[in-house]
Amino acid sequence: AQSVSQHNHHVILSEAASLELGCNYSYGGTVNLFWYVQYPGQHLQLLLKYFSGDPLVKGIKGFEAEFIKSKFSFNLRKPSVQWSDTAEYFCAVNAYNTDKLIFGTGTRLQVFP
Amino acid sequence: KAGVTQTPRYLIKTRGQQVTLSCSPISGHRSVSWYQQTPGQGLQFLFEYFSETQRNKGNFPGRFSGRQFSNSRSEMNVSTLELGDSALYLCASRTQETQYFGPGTRLLVL
Numbered sequence: 181a182q183s184v185s186q187h188n189h190h191v192i193l194s195e196a197a198s199l200e201l202g203c204n205y206s207y208g209g210t211v212n213l214f215w216y217v218q219y220p221g222q223h224l225q226l227l228l229k230y231f232s233g234d235p236l237v238k239g240i241k242g243f244e245a246e247f248i249k250s251k252f253s254f255n256l257r258k259p260s261v262q263w264s265d266t267a268e269y270f271c272a273v274n275a276y277n278t279d280k281l282i283f284g285t286g287t288r289l290q291v292f293p
Numbered sequence: 082k083a084g085v086t087q088t089p090r091y092l093i094k095t096r097g098q099q100v101t102l103s104c105s106p107i108s109g110h111r112s113v114s115w116y117q118q119t120p121g122q123g124l125q126f127l128f129e130y131f132s133e134t135q136r137n138k139g140n141f142p143g144r145f146s147g148r149q150f151s152n153s154r155s156e157m158n159v160s161t162l163e164l165g166d167s168a169l170y171l172c173a174s175r176t177q178e179t180q181y182f183g184p185g186t187r188l189l190v191l
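These protein sequence lines map, in sequence, to chains A and B. According to this note's numbering, the first sequence is numbered sequentially starting from 181. According to this note's numbering, the second sequence is numbered sequentially starting from 82.
Accuracy of the hints is not assured; some may be wrong.
Stated by the list, open to error - Listed next, the in silico SDA-like pairs over lysine to any residue satisfying Cα-Cα at most 20 Å (straight line): (1) K280(A) / F141(B); (2) K251(A) / H187(A); (3) K280(A) / R90(B); (4) K280(A) / E163(B).
Bear in mind the hints are in silico, worked out from the structure with no lab data behind them.
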């Protein structure tokens, strides 16, 4: 069965620090990969997605993620976080041509000024 | 374009009652999926509809059901509510392999 692991449950950073959130998935076939963000009191928003092509994908608000097929990983990065990045971040995967998204447990990011 | 809308936004029910939640997808989107979000279990897939047909179902009991109408609007129903059904229920509509989520309906079962 497909699964997604997010190793960092709670990350605390100061503004301007660099961020990397880990995400690993288990599925042998072709997958689509996503990072979603849930700001306090708001709904899930798409940060970025990977379907194929360049394994380094750029999303909104300066976020990027790198797909490493050999490691089944899709880590999220941002060179310099801001207080407004405080939110919960979810990695998700769905097998090609299905709609069922499998989510990781989420990483709560707190950024202090 | 307007985003995914869900009604109601908040709901309080008691055990044993039933509830119906509604979702209107983004205009032109024909696929609607439902997810349950709880602090303990995270985000879990409930079911997915496309052109009024259920295409996928998650591991939830038969008390959870849904349907989709010809205008792509979808409803989900939970019968015989249990305390553990308290959760945020999210609807997502899909286009080009990407799902866009609504604000959710927060259900509290007392």
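Here is how each hint holds up against the structure:
1. K280(A) / F141(B): holds (14 Å)
2. K251(A) / H187(A): Holds. K251(A) to H187(A) sits at ~14 Å (cutoff 20 Å).
3. K280(A) / R90(B): Given that 20 Å is the threshold and the Cα spacing comes to 23 Å, the pair is violated.
4. K280(A) / E163(B): violated (25 Å)
In this structure, the hints that do not hold are numbers 3 and 4, in rising order.
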